[in-house]
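For the protein sequence lines, the chains are A and B, in the order given.
So the first sequence is numbered by the numbering used here: it starts at 4 and just counts up by one.
So the second sequence is numbered by the numbering used here: it starts at 22 and just counts up by one.
Don't take every hint at face value.
For lysine-lysine, the following DSS-like pairs were computed, each having C-alpha atoms within a straight-line distance of at most 30 angstroms [as the list claims (entries may be wrong)]:
{"id": "1", "chain 1": "A", "residue 1": "145", "chain 2": "B", "residue 2": "186"}
{"id": "2", "chain 1": "B", "residue 1": "186", "chain 2": "B", "residue 2": "200"}
{"id": "3", "chain 1": "A", "residue 1": "123", "chain 2": "A", "residue 2": "189"}
{"id": "4", "chain 1": "B", "residue 1": "215", "chain 2": "A", "residue 2": "108"}
{"id": "5", "chain 1": "A", "residue 1": "189", "chain 2": "A", "residue 2": "145"}
{"id": "6", "chain 1": "A", "residue 1": "123", "chain 2": "B", "residue 2": "200"}
{"id": "7", "chain 1": "B", "residue 1": "126", "chain 2": "B", "residue 2": "215"}
Derived coverage of chain B by chain A (criterion: at least 3 residues anywhere in the stretch with Cβ under 8 angstroms from a Cβ of chain A; other residues may be distant) [unchecked claim]:
{"id": "8", "stretch": "69–79"}
{"id": "9", "stretch": "128–137"}
Away from chain A, derived, C-beta distances all over 12 angstroms, residues of chain B [claimed, not checked]:
{"id": "10", "residue": "44"}
{"id": "11", "residue": "51"}
{"id": "12", "residue": "92"}
{"id": "13", "residue": "96"}
{"id": "14", "residue": "111"}
{"id": "15", "residue": "114"}
{"id": "16", "residue": "167"}
Everything labelled a hint here was simulated from the structure, so no lab data went into it.
Please read all numbers here as calculations on a predicted model, not as lab measurements.
Using N, Cα and C, we set each Cβ at its ideal position, and we do this for glycine too.
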Amino acid sequence: MTAPASGEARAPMVRLEGVHKRFGSLHVLRGIDMEVERGSVVCVIGPSGSGKSTLLRCVNLLERADGGRIWLEGQDITHARREQLRFVHQRVGMVFQQFNLFPHKSVLENVTLAPVTVLKRPREEAARRAEELLTRVGLADKIHEYPERLSGGQQQRVAIARALAMDPHVMLFDEVTSALDPELVKEVLDVMRRLARDGMTMIVVTHEMGFAREVADHVAFIDGGVIVEQGPPEEVFENPREERTKRFLGLVLEH
Amino acid sequence: MDVFFEQYFDISLMRENFGIVLEGFWETVQLALISAAIALVWGLVLALIRQLPGKGTAPARWLAIAYIDAFRGIPLLLVVLIISGSFPFLDFLPEWLRAPTWFGKPDIFWYGVLAIALTYGAYYAEVYRAGIEAVPHGQREAARSLGMSHAAEMRHVIVPQAVRKVIPPMLNDFIALMKDTSLVQVIGVVEVVKVGREIQADTFNSSALTLGAILFLVVTIPLARIVDRQINRQQLRLQRAAP
Numbered sequence: 004m005t006a007p008a009s010g011e012a013r014a015p016m017v018r019l020e021g022v023h024k025r026f027g028s029l030h031v032l033r034g035i036d037m038e039v040e041r042g043s044v045v046c047v048i049g050p051s052g053s054g055k056s057t058l059l060r061c062v063n064l065l066e067r068a069d070g071g072r073i074w075l076e077g078q079d080i081t082h083a084r085r086e087q088l089r090f091v092h093q094r095v096g097m098v099f100q101q102f103n104l105f106p107h108k109s110v111l112e113n114v115t116l117a118p119v120t121v122l123k124r125p126r127e128e129a130a131r132r133a134e135e136l137l138t139r140v141g142l143a144d145k146i147h148e149y150p151e152r153l154s155g156g157q158q159q160r161v162a163i164a165r166a167l168a169m170d171p172h173v174m175l176f177d178e179v180t181s182a183l184d185p186e187l188v189k190e191v192l193d194v195m196r197r198l199a200r201d202g203m204t205m206i207v208v209t210h211e212m213g214f215a216r217e218v219a220d221h222v223a224f225i226d227g228g229v230i231v232e233q234g235p236p237e238e239v240f241e242n243p244r245e246e247r248t249k250r251f252l253g254l255v256l257e258h
Numbered sequence: 022m023d024v025f026f027e028q029y030f031d032i033s034l035m036r037e038n039f040g041i042v043l044e045g046f047w048e049t050v051q052l053a054l055i056s057a058a059i060a061l062v063w064g065l066v067l068a069l070i071r072q073l074p075g076k077g078t079a080p081a082r083w084l085a086i087a088y089i090d091a092f093r094g095i096p097l098l099l100v101v102l103i104i105s106g107s108f109p110f111l112d113f114l115p116e117w118l119r120a121p122t123w124f125g126k127p128d129i130f131w132y133g134v135l136a137i138a139l140t141y142g143a144y145y146a147e148v149y150r151a152g153i154e155a156v157p158h159g160q161r162e163a164a165r166s167l168g169m170s171h172a173a174e175m176r177h178v179i180v181p182q183a184v185r186k187v188i189p190p191m192l193n194d195f196i197a198l199m200k201d202t203s204l205v206q207v208i209g210v211v212e213v214v215k216v217g218r219e220i221q222a223d224t225f226n227s228s229a230l231t232l233g234a235i236l237f238l239v240v241t242i243p244l245a246r247i248v249d250r251q252i253n254r255q256q257l258r259l260q261r262a263a264p
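The following block holds chain B by itself, in its conformation from the complex (with noise of 0.2 angstroms):
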């Protein structure tokens, strides 16, 4: 048992290296937002074309959910490194997005954030869907007597009161993808993990990673708290608004 903590809880290693933990942590946060802010877009991107009215758009819906369920159905971390081996060979894409190094983060960096932020966005589709199929049909027909086209009722009416519902599964699903971060580390991008691991290596002791998963927490738990109010803050509203 001593060996444990001496391994995984040495304050005094923690303390040391408490800086470049949080270096790496903030590395960490970035990756997460960006790759999240993109794929919320992109997300709603393909929710929407998944809701193309008329025959003709058939083929986009397809395409669609085709690429929804393949970039659920593989794994994240493969889909990490396809990406970072294939990119720099696209001979087709200039220079600026084969390579991008863009706010001085490397190219690493930039295929970590395209590779999470695809495979969320295919998540993140599902979860607008969601949100889109639980909006009550009266409000569809609702917008379509009153003449709006497809897109104003999806701008104005659908969408906004789709994305007041998804908002708690959206954050749970940040969750996952904050910690899903941690896969870009084996293209080389210094996020928390591998820092750890790299103090892991120096000192043969592994206590940066318990800082690490510290540092985590102390993101994820509050947002896991937020998530729970705002589902309570729903069902009350519900509660309210029924007959």
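Chain A extracted, bound-state conformation (with noise of 0.2 angstroms):
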């Protein structure tokens, strides 16, 4: 396989080549292929310990793969340093399942602080945008309030207007509903949808089933550290061809 060919525009957003990953001698991720297309939607399902979340912490270099390759809109990031490495990271939002806001820091400040620090926006600017985002998911009237004031919804739905605050190419969301009480999950998700509908690129690693059918143009399953089966979401859910697809979702699609 050769690297794709020059011009970033027809490259997809995300291509992952042969990606390994181990830790220690634990082999999480065993020989990862796929395509993330602009403006799509790729929902990654398996069950704990598949290696979900080092694949998409590997997109964002929070892990960095073993073996095989990475781009991000055509340029080869696996052994990214320095520049690159910020290119990669106003590029590449991400959403953690703990949400990680900032507990010193107002809900604005969240928001603003990586804008002004990094890309040494006016703090006014930075605030105006800040404010806008916050309208998007739905929290105009929380900016003044501190992380611990919220709820784990709005928390995250904080965690994602400052994600959002950076102007990434590409967002990616680990299990970001799966630390949040069952009648706070919706509130995420329909900011997520929105956010699909309005054309971002969002790679999202998810246990929620009904999101992923109804958003996803594309589902992956991962098993034991390889993709076992991929393709559009009627595909996977409805008619999946594998074995271990099929038990997969039978046992989290019975309750």
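Now that you have both chains on their own, put them together as the hints suggest.
Structure below.
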């Protein structure tokens, strides 16, 4: 395989080729191939410990792949350092399972910190943009609150606004509703639905099968560090070809 | 028993000498506050060097670790003696640094400050490190995923949270530091213990030392209470934050 032809616009947003990741003797990713088209939503499903989160963390280089290659908008970022690392972190936004809001900063400061310190945007401009984003996630009235005074669902929506404030080209969602009380899941998924509708490229690791079926353009089922099966959601959910996929879906869709 | 009370609790002697003992104690307080201020900054610098990322910074990290180990391992009394003994002979230093007399304080005062700050800087560096390591890993990941540099991450995300966590242990160490200032009397600084011993030599009565001890307690006991309150508050906060 060769690197994709130049011409960033035509290159897929994210492309992985034979990505491996080991933690000591634990072989978490065993050769992942994947392409994420611009404006598409890819949902990654699979049992706990299958490597879903690690895959996501390899894309924005929180973890370094031990083998294979990763491209972002046609640029090989596998061994990114300094300048290129900044390029990656500014293009790729991430939302975490545990929110990871900065507890010592207000909602507004959480959202403006990176634009001001990293992008060197003027404070007023960053604040204006933050207000806009917080309105979009339905939290305009919480702008001066501190994270500890917000519900989990509100915190997660702030986290989404915080990531969006960097104007990323692709957003990674790492089981963002798994730490939420059931009644708070919907408000976060609604924000993500809207984001998808607005054309954001998204890679979503999730246990919310309903969301995956409804929003995803492409579903990848991972087990044991390999993509067992991938395709349009109708195919993967309605007519899974692989035994392992059938068993997994049987287990999670039954209840 | 009478001799004991006469020797250590002679109220009239305490009253008579209250003024000079208090003056000595004021010297102690100044020593403590100035040394602690310097040690707080120096300790943070050491801790930040220790946290530097990348392979290229390894020598700096080793130096910081070696420094911390060394100064935690040498008795403060020896550091005081070595600094006061050697500094006047460091010809390459300009006079104002070799024998500083800033703010009308004699050079021995500043040797004492330097010795305490160098030693407690090492302790404080360890306290900061504990605080930095206690900040959840997710905070670093969030900062990094937002494109923040190591410096920005430390300055805006990690250190502000770490400092909040280490206020109680820092105050504890400040109490220890304040008590340790009494060691600098060996090089002639007239702080509260020195004053007490001089009065003791003049009057053959130790009550001025007791008075000095009481003055210490007037400051250290409230500090200890504040530490306790802070710890309780933090614990409450943690309980509330837990999901």
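Status of each hint after checking the structure:
no.: 1; hint: A:145 / B:186; in the structure: holds, 26 angstroms
no.: 2; hint: B:186 / B:200; in the structure: holds, 24 angstroms
no.: 3; hint: A:123 / A:189; in the structure: violated, 35 angstroms
no.: 4; hint: B:215 / A:108; in the structure: violated, 48 angstroms
no.: 5; hint: A:189 / A:145; in the structure: holds, 19 angstroms
no.: 6; hint: A:123 / B:200; in the structure: violated, 47 angstroms
no.: 7; hint: B:126 / B:215; in the structure: holds, 16 angstroms
no.: 8; hint: 69–79; in the structure: violated (count 0)
no.: 9; hint: 128–137; in the structure: violated (count 0)
no.: 10; hint: 44; in the structure: holds, 42 angstroms
no.: 11; hint: 51; in the structure: holds, 32 angstroms
no.: 12; hint: 92; in the structure: holds, 30 angstroms
no.: 13; hint: 96; in the structure: holds, 38 angstroms
no.: 14; hint: 111; in the structure: holds, 41 angstroms
no.: 15; hint: 114; in the structure: holds, 39 angstroms
no.: 16; hint: 167; in the structure: violated, 4 angstroms
Violated hints, in rising order: 3, 4, 6, 8, 9 and 16; the structure is consistent with all others.
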